[in-house]
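Asker: One line per chain: the protein sequences are V and W, in this order. Here the first sequence is numbered in our numbering, starting from 1 and rising by one per residue. Here the second sequence is numbered in our numbering, starting from 1 and rising by one per residue.
Incorrect hints may appear among the rest.
As the list claims (entries may be wrong) - What follows is a list of derived Cβ distance ranges for each label pair:
#, chain 1, residue 1, chain 2, residue 2, range
1, W, G83, V, G210, 41 to 49 Å
2, V, S206, W, A10, 47 to 55 Å
3, W, V170, V, V192, 28 to 36 Å
4, V, A87, W, L28, 36 to 44 Å
5, V, E8, W, G168, 26 to 34 Å
6, V, F212, W, R52, 18 to 26 Å
7, V, A87, W, Q13, 30 to 38 Å
8, V, L123, W, R136, 20 to 28 Å
9, V, V208, W, A10, 17 to 25 Å
10, W, D121, V, A87, 57 to 65 Å
11, V, V196, W, M42, 27 to 35 Å
FYI, nobody ran anything at the bench for these hints, they're computed from the structure. The C-beta atom is built at its ideal place from N, Cα and C for all residues, glycine as well.
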Amino acid sequence: MNWELVVEYAPLFAEAARVTLFISVGGIVCALLVGLAVAVARLWHVPLLSQVGVAYVEVARNTPSLVQLFFLYFGLPKVGIVLSPEACAIACLAFLGGGYMAEAFRSALESVPPIQHESAQVLGLTRSQAFMRVVLPQAMAQATPALVANVVFLVKESSVVSGIALADLMYVAKDIIGQSYDTAEALFLLVVFYAVILVPISALGSVVEGRFADGR
Amino acid sequence: MGAEFLFQGATIQRLLAGLGVTLRISLLSVGLSIPLGVLMGMLFMRRNPVLRAVLRVYLDFIRVMPQLVLLFLVFFGSATAFGLNFSGEVASVIVFTAWGAAELGDLVRAALESIPRSQYDSAFALGLTSRQTFLRVVLPQALRRLLPPSVNLVTRIIKTTSLCMLIGVVEVVRVGQQIIDFNRFDYPQSALWTYAVLALLYFVICWPLSLLSRWLEKRSSS
Numbered sequence: 001m002n003w004e005l006v007v008e009y010a011p012l013f014a015e016a017a018r019v020t021l022f023i024s025v026g027g028i029v030c031a032l033l034v035g036l037a038v039a040v041a042r043l044w045h046v047p048l049l050s051q052v053g054v055a056y057v058e059v060a061r062n063t064p065s066l067v068q069l070f071f072l073y074f075g076l077p078k079v080g081i082v083l084s085p086e087a088c089a090i091a092c093l094a095f096l097g098g099g100y101m102a103e104a105f106r107s108a109l110e111s112v113p114p115i116q117h118e119s120a121q122v123l124g125l126t127r128s129q130a131f132m133r134v135v136l137p138q139a140m141a142q143a144t145p146a147l148v149a150n151v152v153f154l155v156k157e158s159s160v161v162s163g164i165a166l167a168d169l170m171y172v173a174k175d176i177i178g179q180s181y182d183t184a185e186a187l188f189l190l191v192v193f194y195a196v197i198l199v200p201i202s203a204l205g206s207v208v209e210g211r212f213a214d215g216r
Numbered sequence: 001m002g003a004e005f006l007f008q009g010a011t012i013q014r015l016l017a018g019l020g021v022t023l024r025i026s027l028l029s030v031g032l033s034i035p036l037g038v039l040m041g042m043l044f045m046r047r048n049p050v051l052r053a054v055l056r057v058y059l060d061f062i063r064v065m066p067q068l069v070l071l072f073l074v075f076f077g078s079a080t081a082f083g084l085n086f087s088g089e090v091a092s093v094i095v096f097t098a099w100g101a102a103e104l105g106d107l108v109r110a111a112l113e114s115i116p117r118s119q120y121d122s123a124f125a126l127g128l129t130s131r132q133t134f135l136r137v138v139l140p141q142a143l144r145r146l147l148p149p150s151v152n153l154v155t156r157i158i159k160t161t162s163l164c165m166l167i168g169v170v171e172v173v174r175v176g177q178q179i180i181d182f183n184r185f186d187y188p189q190s191a192l193w194t195y196a197v198l199a200l201l202y203f204v205i206c207w208p209l210s211l212l213s214r215w216l217e218k219r220s221s222s
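Please model the complete structure; the sequences and the hints are all you need to start from.
Answerer: As structure tokens, this is what we get:
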């Protein structure tokens with residue numbers, strides 16, 4: 001390992017880490033919104049939306065993210081929907097992650113006993129108040145460990161966006177290996193940068209899980 | 001519709017051949033993961049702190065790194081570090097076996113740890129040997145907990161093998177790309193249809209497994 005090269009390449013990886021983080025954060029925020037919307041549609045048995053939600057969750061969870069990404073990036077332009085690579089990457093993580101987040105929210109929402117909702121209504125809260133102030137806070141506490149696990153999963157899955165030439169960590173590593181054969185240095189930096197991003201989140205996940213396990 | 005190309009020439013046969021490579025990598029990895037994972041899980045149960053720490057580091061490393069990074073490490077890294085030139089497919093099987101064994105090892109550990117101490121004590125009190133206790137008391141209960149997440153792990157491995165194309169393996173997604181390139185001028189919409197068909201192929205394989213996993217889960221919890 002040539003440490004001078006490691007120092008030389010580090011800024012490239014720092015720049016790429018920003019791309020990875022930008023896409024991951026964007027995708028995760030959208031996935032949380034999609035997931036919550038689908039879970040609520042299923043909880044309230046909203047006609048049509050809940051059926052579409054069920055089908056969507058199955059498709060999102062049972063197809064590879066790479067195929068989803070290629071469909072969005074190479075397939076959709078054929079019917080006139082052209083998105084930038086960044087938008088495609090975020091949409092892909094939102095689609096994939098939305099399915100996983102929906103399941104996490106759904107099982108958490110179902111774990112809140114119906115009597116909570118009923119009691120809230122008896123006390124005069126409207127349906128939306130009962131949901132926002134009574135059911136959702138309890139469900140969120142239940143869902144947090146699964147949501148954090150999904151966040152780690154989605155940051156890892158963001159590595160596929162190198163497949164559509166977005167300059168994320170994977171792409172920069174591949175570029176250096178292809179151009180200069182500094183394989184050891186590129187792989188070292190790749191692992192270090194992913195570890196710096198992922199180890200804290202995954203450690204946070206263990207702490208959160210431990211806390212909720214103690215609470216039960 | 002622009003999808004006629006799917007039924008022309010050898011398109012479907014080629015896709016199925018690509019799917020064969022996908023399944024070959026997946027099943028080989030799953031097959032190798034099972035004994036290694038069970039071994040890992042049982043080594044975890046040994047109360048040896050050094051062994052436990054080593055396994056922990058291995059498991060955490062495999063878990064925290066994106067699978068694509070692991071593929072790069074084995075495919076490009078092994079040549080630089082050890083002078084070993086693996087083909088893309090061999091590198092893929094190594095990575096998915098290492099990953100599958102780590103995940104399965106953790107599942108086996110969790111399943112074995114979930115068996116209460118009283119089960120062992122009762123079995124010994126009834127005069128069963130430790131071998132009998134393991135085979136007849138612990139294993140059947142552990143298997144019931146182990147099966148649903150393990151089936152799920154198989155679908156995750158199958159889906160993730162799509163990444164092998166990024167290190168040059170000609171599996172089903174790469175075959176799809178070749179078909180798109182071939183039909184680029186005659187059927188400009190081929191990308192849309194081919195990726196839809198690829199998604200469908202994965203779905204047809206993974207969805208039944210997901211349903212099976214859920215059914216097993218429900219059965220074991222009731």
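Asker: Decide, hint by hint, whether the structure agrees.
Answerer: Results for each hint:
1. W:G83 <-> V:G210: 41 to 49 Å: The hinted range 41 to 49 Å holds for G83 (chain W) and G210 (chain V), with Cβ atoms some 43 Å apart.
2. V:S206 <-> W:A10: 47 to 55 Å: holds (50 Å)
3. W:V170 <-> V:V192: 28 to 36 Å: 32 Å Cβ-Cβ, so the 28 to 36 Å window holds.
4. V:A87 <-> W:L28: 36 to 44 Å: holds (37 Å)
5. V:E8 <-> W:G168: 26 to 34 Å: holds (27 Å)
6. V:F212 <-> W:R52: 18 to 26 Å: holds (24 Å)
7. V:A87 <-> W:Q13: 30 to 38 Å: Roughly 36 Å apart at Cβ, these two residues keep to the hinted range, so it holds.
8. V:L123 <-> W:R136: 20 to 28 Å: violated (54 Å)
9. V:V208 <-> W:A10: 17 to 25 Å: Violated, since V208 (chain V) and A10 (chain W) (Cβ atoms, about 52 Å apart) do not stay within the stated range.
10. W:D121 <-> V:A87: 57 to 65 Å: holds (60 Å)
11. V:V196 <-> W:M42: 27 to 35 Å: holds (33 Å)
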